[in-house]
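Fit the two chains together into the complex; they arrive one by one in their own frames, and the hints show the way.
Order-wise, the sequence lines are chains L and S.
Each residue of the first sequence is one higher than the one before, counting from 1 in my numbering.
Each residue of the second sequence is one higher than the one before, counting from 1 in my numbering.
Simulated from the structure, these hints should not be mistaken for laboratory data.
Hints should not be assumed to be uniformly reliable.
[To be verified] With a straight-line Cα cutoff of 20 Å, these simulated SDA-like cross-link-like pairs (lysine to any residue) come out:
1) L:K964 x S:S394
2) L:K964 x S:T341
3) L:K74 x S:R219
4) S:K234 x S:P279
5) L:K959 x S:H425
6) L:K74 x S:T341
7) L:K73 x S:V332
8) L:K74 x S:N383
9) L:K959 x S:Y333
10) L:K959 x S:D226
11) L:K73 x S:N222
12) L:K964 x S:N381
13) L:K753 x L:L766
14) L:K959 x S:N383
15) S:K51 x S:P79
16) L:K762 x S:H425
17) L:K959 x S:V332
18) L:K959 x S:K234
19) S:K324 x L:A75
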Amino acid sequence: MSQKKYWQSFGEVNDNENFRKQQQDEFREELPFEGLDDKGLIDAKAPRRDFLKYLGFSTAAATLAASCKIPVKKAIPYANKPENLIPGVAQYYATTYVQDGDVVPVVAKVRDGRPIKIEGNDLCSFTGGGTSARVQASVLDLYDTHRLRFPIHRTGSGENVKYEEVPTFEQFDKAVGEAMKVAGGTTVLLTSTLVSPSTKEIIAAFPGLRHVVADPVSYSGMLLANEASGFGRKLPSYDFSAAKVIVSLGADFLGTWLSPVEFAKGYATGRKINEGSFTMSKHYQFESYLSLTGASADERFTHRPSETGAVALDLLNALTGGEPVVKATAAAVKKVAADLLANNGASLVVCGSNDKDIQVIVNAINNAIGAFGKTIDWGKPVNYRQGIDADFTQLLSDMEAGNVGTLLIHGANPVYHSWEADRFKAALAKVKLKVSFSERMDETTELCDYILPAHHYLESWGDAEPKAGAVSFQQPTIYPLFKTRPFQTSLLKWSGNNTDYETYFKNYWTGKLGSEAAFNKALQDGIKEETVAVSAGSYSGAAVDAAKAAVSAAKISTGTELVLYQKTSIGTGTGATNPWLQELPDAISKATWDNYALMSLPMAKELLGLNLIDGSEKESNNYEYYPQKPVIKLTLGKKEVELPVLVIPGMNAHTIAVAVGYGRSINLGKTAGEVGQNVYPFSKFNGTTVSYHNEVTVADAGRKHKIAQTQIHNSYEERVEVVRETTLATLKKYPAVIPDFRNHLEETYGRSKDGKTVDYRKEGTLYPMHDQPGIKWGMNIDMNACYGCGACVVACHAENNVPVVGKSEVLRYHDMHWLRIDRYFVSDEKNPDQLKGVVFQPMMCQHCDNAPCENVCPVAATNHSAEGINQMTYNRCIGTRYCANNCPYKVRRFNWADYTGADSFKDNQDQQLVGKLDPVVHQMNDDLTRMVLNPDVTVRSRGVIEKCSFCFQRLQAAKLEAKKDNRPLKDGDAKTACQTACSANAIVFGNAHDAESAISKVRKENPSRGYYVLEQLHVLPNVSYLAKVRNTDEIIEPAGHHAAPAGNHGEAQPAEKKAEEAHH
Amino acid sequence: MILCKPIGQRLSVLFLSFFALSVVSVSAQDAAAGKALYASKCGACHNIFKKMTGPALGGLEDRHKWADHKELLAWINNPAAYMAKDAYTQGLKAEYGSMMTGFPEITLKDVDDLVAYINAEVVAQKSGGDKKDVAAEAPDTSNQNALIFGIISLILGVVALILMQVNSNLKKMSDDAEGILRPAPLPFYRNKTYIALASVIFFVFGGYMVAKGAIGLGRQTNYQPDQPIFYSHKVHAGINQINCLYCHGNAWESKHAAIPSVNVCMNCHKAISTYEKGPKLYNDRGEEIDGTAEIAKLYKYAGFDPNNPNKWDPSMAKPIEWVKIHNLPDHVYFNHSQHVTAGNVQCQSCHGEITAMDEVKQVAELSMGWCINCHRQTNVNFNYDSTKGNKFYSIYEKFHNDIKSGKMDSVKVKDIGGLECQKCHY
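One chain only, chain S, in its complex shape (with noise of 0.2 Å):
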């Protein structure tokens, strides 16, 4: 199973990069530069096939003067400037009730790849869209042999036992005939041999069990309690590819991640009242959640009637009392923005899959030895040369010597102290 799912990933990319390649004819470069200036830039405000908090990308080349990228970019570039003697802006102000975000580092080359990446992925949907999955859905047949070599086992033993038995019978038939008196022979469970052999096993498991118990006291793998909403990370961050960056941009720069407040949900939610066109959301337990009713409990907290959205006053909102999933012990410093940001490791690297969760589950053991693990094998951000790299690094005149002699070929976190117990006890 574990195996299987990367490779199933594997070949649904491949699949979609021939296709993408062999349809569409733009570079694959502008689309993949596109897909990292979507994914900072328009990501967290706008979707290609729906509204959000702005208007449906796709297709946007067929609206307005957009075919013209210059008139496209003028508009990135100083919305408020734009808006003031254009018609139609004014009109999407009007109807998403603010005014576009401008982003005036932006430049027409930007907007090319933009607008490739949104037509790649609007060509993508329409033609192949159903056959994404076909990959994905490879049999399970790791569990399927341990099963049979289970199965296997215990016929084997089973078979064993019978001989063993067989054994001694015929053993006493022949004693009988040649008249050799044995005392009666004992029941196994008073044999002497099955006992001390059944108390060491009973001792060596047990004692295993008991162990592995005890580490794993306090951990919670797989912990995913139920939430006060139903909120699903699929719907928003799998489906509608919000950036993570929207609701947990704390975890950038501060060691909390932080769980959005609820003014955050709210500037999308001011618009978005309904679940409709998702996939039905089935919790745990397999029972089906009414997306809508779980938005109502949103507009609960949040003091907002989606009737009469003028009066809403954002003061009246209550906090969500969200249950914590991922909890380190007190002992512990963890610094998320030291991973996200000087680190540049993905939020998936402990979160796990996270755009396939509807309510989160705890993926990672976040235990000591999984924390090791990752910083004995992760190479740092360090300046190799001084094109690349964290410039923080330019003081381990060390390493940067043993790796011009070729000493070294990388250096790990556990290179410059990432072992160290004060790294992370203090």
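Bound conformation, chain L alone (with noise of 0.2 Å):
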């Protein structure tokens, strides 16, 4: 059994010979071919007289259906057309993502009154114009066929009840006020983290009022403990730029913890290298399982999650010469500690815990290393998270308790992401009026009296602040299109106040800032930051030695330990309703469409016996081909779930780890309602705050279920070098280890008969050049910034038109992603769960200038354009797939049903020969979500191939606008989604003629990192990568380095044998 260092999935790695043959087929169908051997063509189910009958039956019906009448098309025009519109030209509207205190300040686009687009805003100074997934796919939720369209009065109990539309707000306004008065009792206003300023002061002033604030997933342990520090009851900004060296305890800093946005942007710019000096920052991450943070770390060290206190604890003493105590961790945080302290004031320690304890020590830790004041701002309080969990029990108390009389919720959802979910639900039977204001009929709002449901954002005025001093504002971008209303203009009505919120904030911000001019400035830039003088605190230690005694009594678990997690996709649930993040496969497990148990090699082989790790290889193969996955049952006490279990590297050996968010009500539509399981009753409330980590009993369930992941399929047939990885102490000692390959193929290639050298772009290939008179596209990515976040594969479904396929579709490969990002993971050569690294790649069309698809479409439907570009023509493709089978980077989508309701007949999605489609390519399928398609781009029907067009719309449009303003196209006109989606700014676009272009510059001052996928195809693509490198000390000797005779080349070696056949 030969290992591999870089390897996708498990099958892989243990280098199956079945694995192989399976790999072969591009498209793993079964062809409708019968045996012919036994019997005549005549007797066949369907025989050539049939075959005739029926071709030529289809082709009258095609032309009758095609041509017989052409519908008569209408163009409507405005009566009045509104003075700043233009039809086809998109408007651009700055406006603000809030979502339970996630706060990203965006520019929405509109094109003829939809907002179809969300791009970052670029005058925002600390997200930079960076996105995440969730923020990109806000849009669909705006067109959600789910969501609640009039205000709702709800009647009958059990079997009965029945949910009525209340015809105007008037009515529903009287009824609620009356409901109220006849309540009595206290009036309470429960939401997650509210950052608005104008609506805290409305809720101020709504008469005894009380609000609480309950957050899906809780910070209340950092609040609580950063308040016993001296500092108040806030959170910190934090500079991930600033740090040299950062230490995460568990925080999914890139991915979901507090505002990642913000904090990639500040990481990706510490991780680029600079090439002159070779310096970046160092990232250790301490953790359970094997989080997207943990992923990009260059050293990780996994603990059992009940043990984080003690691993906070010993890196506290270590910074003063103590010994570790868990012996797991303990050389690393000797060396971690170390390495803290010699860079003092340039690091940065983070902690994902929600206990205050282990919160109070970790800021002890950032004392002892100099971080408050260098890369954490006290000055700069964020108000991503506000909910303490003592006020929600307390809550919870005086709802049994009976005191009180009505309950207004906005935000908060307890019914599903409480601990104590089942007794919430019967406290909230005491509660005599229950008014909800969620856009969706979710698990708490559907137990509502009233329900008012309250506008999307893009519809919304509004305001939120997510740091002091940073106000973002939201306007709307489209007419509300249902009947829906500002839950504080509820708010203000019910207060006696007979403004309505629109009124309400443009005055209060004209007030603050001074005039109607300041107020319409702050509206178009969207964001207004200022310094404010915020009172910093000074630190105090005072509450250290009791956090230290809490966290050495605290008992380590010896079992099982579950540990929830949060995706980039679905978060704490609110993604859910997404098609689009439901599709988006997550960042580590590559699966779509669930939620699953993570899982250890070792555990996986003890608790199921799947022994990965030097089993045999039919089991690998198993495994990893079929998508039906062992499941296990999780028991909690009288809690039990049971969830299919995927395995992976890197995890600790004790610890199953589960996402929450999923497992939704069915009334939140089957996008969210049918998928996942429900983990948020697993965790546990330990008096102060909620810890998501619990011992569990786990057991085999005997049966299995099919996980939809993407990674399997797509074989690169063993061509190591598609992604090229090294540390940076190897780059420093061998800077040329990278691009040594390319210099090899030339000089190998690179010489005619007579031993002269040659062009080798030129002399590679048999094909003539390309002329490229004016602009050549090239693309960029650097794939350390890059943390497999997928804000960018979600960014190309909103401005590519790409289709959602379903669970089921994506089971049969048929996943339409035009952007994927690969993940690799890094291991030890001789045990694959010694994780070493994992590398994101994102892999799309790369626009070879020598492309194998071209040559071998029978009816050139993809070609090359004079500007680089590898065009696909959808109206000339015939669906051969020829194209795809030829391409080496497998990125080439083929249309196997009408996910779109493209074709003219109206069957097509439901006929035998493709199977049912899911009801989310349904619901994509409906006039209302179709709003969001991208009218510049086609929609394709089935039967073509798709894929990467660089965003070719935008070039055009940028090209015309240059044109039209008589001026040369300047760098930076012309971006793609992908490239505009990223915060980590990862990917560079531009025209790679222009020598003064960031594109140009990004490719000559890498020189050691740059690298093409496959270079040895000779397929000139468009798109470079820059090396992934981890900042470790560990030094991979070049096998067969420098001098190596050609043909002897390392990794590059089976390759190379491509490379010769490639040539012959």
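This is the structure in structure tokens:
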């Protein structure tokens, strides 16, 4: 058994023969041929005569259907055209994505009155125009078919519950007003974190209103710890760009912790290698499961979830020379402590725990390493999370005691996300009047008496103050689609103030900013940042001793532990209704449409008898190849849940990790309702805060469940130079380790028969060169900056009308993503569980100048443009799929079914041949949902290939603008959707013929990391990559280095065989 | 027919320019510059011969102080300031309901040119208006030729048949005379040679027709649907010379040319409620159209009562559901501004002689071959030197060198990728 260093799946790492066989077919479809050997053609099920009959009939039918009548189309202009609107030209409005305390300033692209795409707001200093997958997908939520469309009154009980429309807002106000009087008792407003200053003023002005904040995933441990450390009940701003050493104790700060968009921007700044000095930040991660952030770490150490406190305490003690207690991480803690001390004032420790004592210790560590005032700014506290768990438990007991007369709910959904959901449900029944402002019929809302759905954020006026002094504004980008009303208007009305929120908001900010002009300017910019004096507080170590005692006394589990985590796509559960997010493959597991139990290799061996480390080839192959995964049952007291298992390297051996946010109510639609299981009930309350890990009993459930993963197909057939990865120490010692491969190719093939050097680019191929007189588009992706979040994938969905196919189709490898992020595990060559790192490689059409796909198309539907773009003409494609078979990068996608409803024939979406498509496909084809489509991009019909076009519509638009302005194209005029979505600025795009452009510069300035994928095939891609570099001292000796004769070139060897084949 | 029309036009243009040169004592250059200025600045609201949004401009030098072009310039540059101390222009505002838009960029030379053009037009209309059409009425000879050739072919065909019949009869007679026995001759429809010939002709001709028909599926050349309102481009853009830009300004900025909204129509039609002086209007079936009744239809959409104009509330207008004539398949991306603004293509190049159409008819085939052909032949607005052309093309170093060295004389759309699939399909 030969072991591999870079691998995507266990079938591959164990180098199984069957695995390779299965990888040989690009499209694993059974062809509809019947055995013809035993019977004649006439006796076959579809004999020749029938075939001819059908052929004749279908030709005639298609001709008739297409030609009989040309439909009369209407062109209906405006009755009164709005002055600043030009039909067909997009407008951009600055607004703000706000979701349960998450704030990202954005710009909405509005085409003919419909918002269709979200971009980051470049004017914001802390997000710098970055976005996340959820921000990108939020525009689709606006057109969700399961949004509530009118005010509702719930009547009846039990089986006979009816949700009736309340015809007018006046009637609703009247009914609620009367019911509030009858209810008596206290009135409580239960929300998730609110960041709007004007809303807070409205709440404060509501007589007798008690405001309780309950966050789905709580940060109250941090808030309380910071209070105990003398900073007040606040969260600070973190500056990851200033940190040379970053230590994360289980904080997924790139994926889901606090403000990942902001942190990713800072983090990526430090990760981009300056090739002059070969410096980059160092990132240590201590955690229990393999998180998105852990995947990017230079060095990772795992421990039990219940040991988090002990590890933090070890680190604090190690700073003053103490001996670590936790054995598994002892050496690591010492090393990290030394590194932190060496970089005093330029390092940062963050911790994802929600335990007050642990966070007090983390504050003590940060104090000891001089982080306060350098990488942690208390002068700019952030408002992302404000919920205190004890407030919620207090509310719960008040409700149980019958003291709460009216409960108004906005944003919070405790019936779903509380650790005591059942208790909350029972207590809710004792509240006389429950009013929800939810946009959707979520688990709590369906139990409320009155429901007044609020606007989507793209329909709203509003403000958000993510951090002190920075206010981001919301303005409507579309007239409200449904009979909805801002919940602030309701609060105003019910507290006796008759202004609506729009007026209130305008007056509030006109007053604060001084003039209407200033208000309009603020709305136009979307963000207003100024320095405000905030008392920073000063560090006090008073609470440390108590915290130390508490942490030392804390029990460390000995059984199996469950840790709950969030995915970048679904988050706390708010992303579950969004088809784009459900179909976004998870960064680590590459699974879509499900949650599952992540498990280590040893645990899988012990529990399920699944030996993937040194087991038989058949075993690992079967596990990897078939989507049916074993199901386990997790039990905690009376709570139990059954989940399929995914085995992942780099997990703590005693830990199972499950994502929250799944198992939603069917009332939210089938996209959310039939997917995964809810594991929030497995969190626990320790008297002060909630913790998101627990000890559970695990048992094999003895059945299997299908998980739709995306990475087990699309194999590169052993061509290993796809992903180039090394360590910083290696790069310093051998700066040519990556370019060597190209140099070798040039040396070997860039010579004529008589040994003279010739132009390899030209002579390395039989085909003629393409003339590129003007622009030549090129892209560069820095794999050191990419951390795999998937914002680009969703942005590509939105920009290019990429269809959603549903779980059943992903299971058949029919996923349609134009841009995918390949995940490679880098492990010890002997032990796949010994994870050294993870490489994320965004992979899309490489736009090869010598494209292999172009040569094989029988109808020339794919060909090359003068600007270096590999073009795909859908209307010319007849669906032979030769191009996809011949693509070495596996980036071409075939429309196996009519996912978009674009065909002329209505029955195409349900015919038996393609099987029934998932409900989500039909949801995406609803007239409401289709409003999100980009009108500049063709909606592809069944039977054609599609792929990345470099966002051609944007390039054309940019060129046209330049022509209209009578000027040359400027660098940065044309940006692709993936590029603008990336908060790490990992993607650079532009005209490679312009020596001054960013793309030319980045290629020139990174000679030791730049490479092209599968360079030896000489397909001349226009997408270049910068190799991933781990900041470790490990030196990887290049096999057959430098002086090696041609043909003996280390890891490139198997590929060179291919290269020679290509030259025959 | 195709040949004759341009000749006719050229003749009339020649005739007109000769006339203008000989009769009017202004330099041709001035009037030409004035014409361009007039089209871009004035034509949207003014007509030379009749009142529109603003007064008719013909004979303006006889009115007020306009003989002094400096006065006129002051008015055009800043109407608000001029009107403040001038009773005549105040009266104009009262009469037309709105003040003229100011054009601060107009210079004295521009005013001279404009007045020269307007005067030339007035003179031309007075003395030459009725002679214009003489040259255009050329006889339609090509059609007659085709008919004559057809008849001749038919006659020759019949003669050939008769001769063949005669020949076979003679042969039969000679055979009879010589006593050679032959089987009774087959009638021609059972003759295998004839059948084979006929079927070959049938398949070739039939195949050709089927292929041609199939290619033409979905194409709508000469499509001229009835519109909800009989809107005549001839009356508006032809006779009244309203600039295309006034209603379809969108075409300069957007992919859509866009049909104007009702409020744009009403800008002029608030004042113009009857159709009186223009030529009689006929639809494509030859029925006469009552222009005033059509304007009344517009009023119905706009919710406008001509007897009570001050009570009009534009927000109550309803959109007009026009029938779309120029349709492209969904997989084609077409951008008007690319062609009109960047490419300087005239509207007429694709939409035909729109100023001569009453109801619009699709003239071009709008097929891919038709598009591609134009992309092959049309020059881009290349910046051959620093003073000419669009600076966007400055990056095309190779073409600049080739032009300098004489390898290339012009840059066509095809040279910058105008034939590539993805330029229109993405």
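Status of the hints after comparison with the structure:
1. L:K964 x S:S394: holds (14 Å)
2. L:K964 x S:T341: holds (6 Å)
3. L:K74 x S:R219: holds (17 Å)
4. S:K234 x S:P279: Given pair K234 of chain S, P279 of chain S holds - Cα atoms ~10 Å apart, limit 20 Å.
5. L:K959 x S:H425: The given pair, whose Cα atoms are some 16 Å apart, holds under the 20 Å limit.
6. L:K74 x S:T341: Cα-Cα ~26 Å, so violated.
7. L:K73 x S:V332: Holds - the C-alpha atoms of V332 of chain S and K73 of chain L are around 16 Å apart, at most 20 Å.
8. L:K74 x S:N383: violated (40 Å)
9. L:K959 x S:Y333: holds (15 Å)
10. L:K959 x S:D226: violated (39 Å)
11. L:K73 x S:N222: holds (16 Å)
12. L:K964 x S:N381: Roughly 11 Å between the alpha carbons, so the hint for K964 of chain L and N381 of chain S holds.
13. L:K753 x L:L766: holds (15 Å)
14. L:K959 x S:N383: It holds: about 16 Å lies between the C-alpha atoms, which stays within 20 Å.
15. S:K51 x S:P79: This hinted pair holds, its Cα atoms lying about 19 Å apart.
16. L:K762 x S:H425: Roughly 30 Å separates the two Cα atoms, so the pair is violated.
17. L:K959 x S:V332: holds (18 Å)
18. L:K959 x S:K234: violated (36 Å)
19. S:K324 x L:A75: Holds, at roughly 5 Å.
Violated hints, in rising order: 6, 8, 10, 16 and 18; the structure is consistent with all others.
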